[in-house]
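> Single-letter residue listing:
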Amino acid sequence: MNRDKYILGIHIDDDFLNIVHLEQTAQCPLVHSWTCKSLDAGAVKNGLIVNTEAAAKKIRDFIKTNHVNTHKAVLSLSCSTVRLKPSEFEAQTDEQLQKQVEEQVGKYGLFGGEKIVFDYCAFEQTTQSSNKRTVLQAVTTRQISDACLTVAKKAGLELVRIEPAVLPIMKLIFNKEAVSSNIVSLLLVLDSTSANLSAFRNGVPQLCQNLTIGVKDLLQVNDGFTCLADQMKHVLEFARLLADSQQIVLRVAAACDNEKLETITNRLKVSLSDLEIEKTDLTQIIKDSIVQGAEGGKAPILALSSALTHFGVTAFTGQLNLISRESLAILRTRKEMSLTAKAVAAAILLSIAVLFPLKMKIKSVEASSADVEVKLTETALMTEKVTELKKQTEQFKEKLSVYDAADKGLTYIPWTKVLQAIGDAVPDKVRIVEILTTDKGDFTLIGESLAERYVYKFVKALQDDKLIKNAKVEEIEYNDNNAANIVSYKITCSIKLTEEDL
Amino acid sequence: MILDRLIKLDDRKRVSAAIVTVLVAACVCYFAITRNSVVNLQTAKANYTGIQTVYAIAKNQQAELPDLQKQFKEKENQIQDCQRQCFSGIEAMQLFENINTMALAHSLKPISRIISEPRKFDDNEIDDGNAPRTQFLKTQSAKINIAGGYFNIIDFINKLIDRPQKVSITNLYITLPAGEGSDPKASFEIVLVIDSSKDVKK
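Protein chains in written order, with the working numbering: chain A, 872 to 1373; chain B, 393 to 594.
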C-alpha cells in the first residue's frame, strides 16, 4: 500500500491532457478536482511530448486553480508509446527474474535502436501447481520517458511513476477476476489517437498489441471501425484459439465521455457480433471503490485509474515504472549540481556582499584617520612648543639647581648688622680689641674693661639684640700689673639668622 | 563529463563532493575576494588606533601647556633672579678695582688687596659628574686689609654688600692694635659669584 494521502493522476495523449487530483480517505478515494484539457496541435506527437513547457503550464495552472496540496504524480503514457509483452518465466527469485527479463528485452531491438526504458511486473498465479510466472514487460523510448520527467520538473511535480495507460485498467478490471474460472477475455483501451488490445486468460495477459486507431479516428473517419477490426484481427484469432468454444468478452475503455464510449461499443457490437462487448466506464472499474467528490464519476478514466492504482493493488508484484533510472540519476545529479552551484554562487555573492561594507568600513576608518591626522598636524606646532617648553624648563631646573648649589656653597652672613649691633651694645669703660669670626656665624669678642660689671653689661646688651644669641662670657681675667684695675674678657656669641637677614 | 562521473558516485561521495566544492569555493572567495579587504581593514584600524593614540598624547600635552607655560615662566623668573644675584665678569672686575677707592671714600686706609683668579664653581656636593652644566658659574675672591674707624669699616663693608648681587664676606677679623690713637684694622675676604652667561648677553 502506498502511504501517500494525495496523488495527481496524469494521462497525456496526442490531443488531451487529463489530470485527476485524488485523496485516499479512510472510507474511499475522493476526487478533489479533475480536468481534461485539449493540447495544441503538435504539442504531443505520437505520444512524445514535444512542447514540454505547454504541457507543464497546463499542469501548473491546474495546480494553482484547484489548490492542489501535493506534488506527487503518476503519469500514464498514451497506448502507442509503450510496447507490452507478456512472457512466462520459470518460478525463481526476483533477482534471477530481473536478469532474465533484462536479457530478453535486450534481444527485442524495438524502437529502431533508440535508447529504451523498460520495466516489468509479475502476475500472481491462479493455479498452485504451476511453476511458471507471467511477467508483463513494458518498453518505451528513453526520449518519451525523459520528456515526461521534463514536464514534471517544469510543473514542479515529483514524478512517482510512468506507466502504460492500459496497465491501471488491467489492474482494476482483472484484480478480482484473477481468481475466478478459466475464462478468456479481451481489453481494448483507446486514447485519442491510439489503442491497445490485450488478450487475457484467468486475468493474466497473454498477448498485447498496440493499434494505431484512437477515439478520434473511430468517431471522425468513416472506415475507422473497419480499420480497427482489421488491426484487431490477429489478437482476436489468438483469443479465439485460447477460448476454444467459449464466449469471449471484449471490454472497451476509452479516454472519452460516456456518450462517445456508448457509440463506440454499439458500433463494435455490430462489427464484432461474435464477441460479447462490454463498455468499461468508471462505474465498472470502481465497482468496489466509491469515488466521491467533484463529479468523480465523470473524471477521465485513464488518469483516474492511474491515481487509484497508486493507492494499492495487490494482484501484482512490483510497480511497473518506466522512469529511466539513469535519467532520474541525471536529474538528481543536475539538481544537486545546481544546488552546489547556487551554494557556490551564494558564497561568491556573500563575499562580494561582505566586500561592500568592508570597503565602506575601510573608507570610514581611513577618513577618520585622515581627520585625526589633520588634527594631529594642527596640533604639531603646539606639541613642538610643549616639547620645547619642557626641554627649556628642564634646562632651567638644572640651571637653578646650579644656582642653588652656588648659593648654598657660600655664606651670606650680615656681618655689617652684627658689627653695628656690637658697636651699639658696647658700653663705656669697655674696649674691644679683637673680633674673630667664623663662616658658621659664630664670633668671639676679645677686649678689656675697667670693671667686670661692664663686661656683663656688654654681654647683657648683646643678649638683648635680636641678631645675637648665646652671648656669654667665656673668660674674665684681672690684670694686676697695671695701676688701673683692668679686666680682660672673652665673649663668644652666635648669630641668630632670619630669612630677612639673609 | 563531470556529470557522468558524479552520477556514478554514491550518495555519501556526492554529498562529500558537494561539501568540498562549497568549502573550496568559500575559501577561494575568501582569499580571492574578501581577505584583501579584511587585511586592509585591519591595517587601517591599526593605523587609526596608532594615530588616535598619538593624537590623545598630543591632546594631553596640550592640556599640560598652560601649566607648563606657568612653570616655565616661574623658572624663567627664578633664573633671572638668580642671574641678578650674580656678577658678570666685568662687574666683578670693576668692583675689585674700585675697592680701594671705596675704602678711601669711607675714610679708610687700604692696606692690601689681593684678588685671586676666578675659579670654576665647585658643586661636587650636588653634581653627579656632569661638569659642563656648571661651567657658566665661577667664583672670584679678594682678600682685603683696611684700617680706619670701626663704623667706617661697617659702612665700607655695607657698601660692598649693598647691591643687587650677592656678596659673601668671610674670614672677617677686626683688631685694635696696641697703642693710643691707633685705628682698628679689619681683614676679610669677599667672594663673588660670576655668571659668565651675563657677559655673553651683553
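These are calculated hints, taken from the structure and not from any lab test. Bear in mind the structure is a predicted one, so any value in this text is a computation, not a measurement. Heads up, some of the hints might be wrong.
[What the hints assert, rightly or not] Distance ranges between label pairs, derived from CB positions: (1) B:405 to A:974: 24 to 32 angstroms; (2) A:1367 to B:482: 52 to 60 angstroms; (3) B:402 to A:1090: 31 to 39 angstroms; (4) B:393 to A:911: 33 to 41 angstroms; (5) B:405 to A:1054: 49 to 57 angstroms; (6) B:503 to A:1322: 32 to 40 angstroms.
Think of the CB as a built atom: it goes at the ideal place given N, C-alpha and C, for glycine as much as any other residue.
> Which of the numbered hints are not met once you compare them with the structure shown?
Violated hints (numbers, rising): 2 and 3; every other hint is consistent with the structure.
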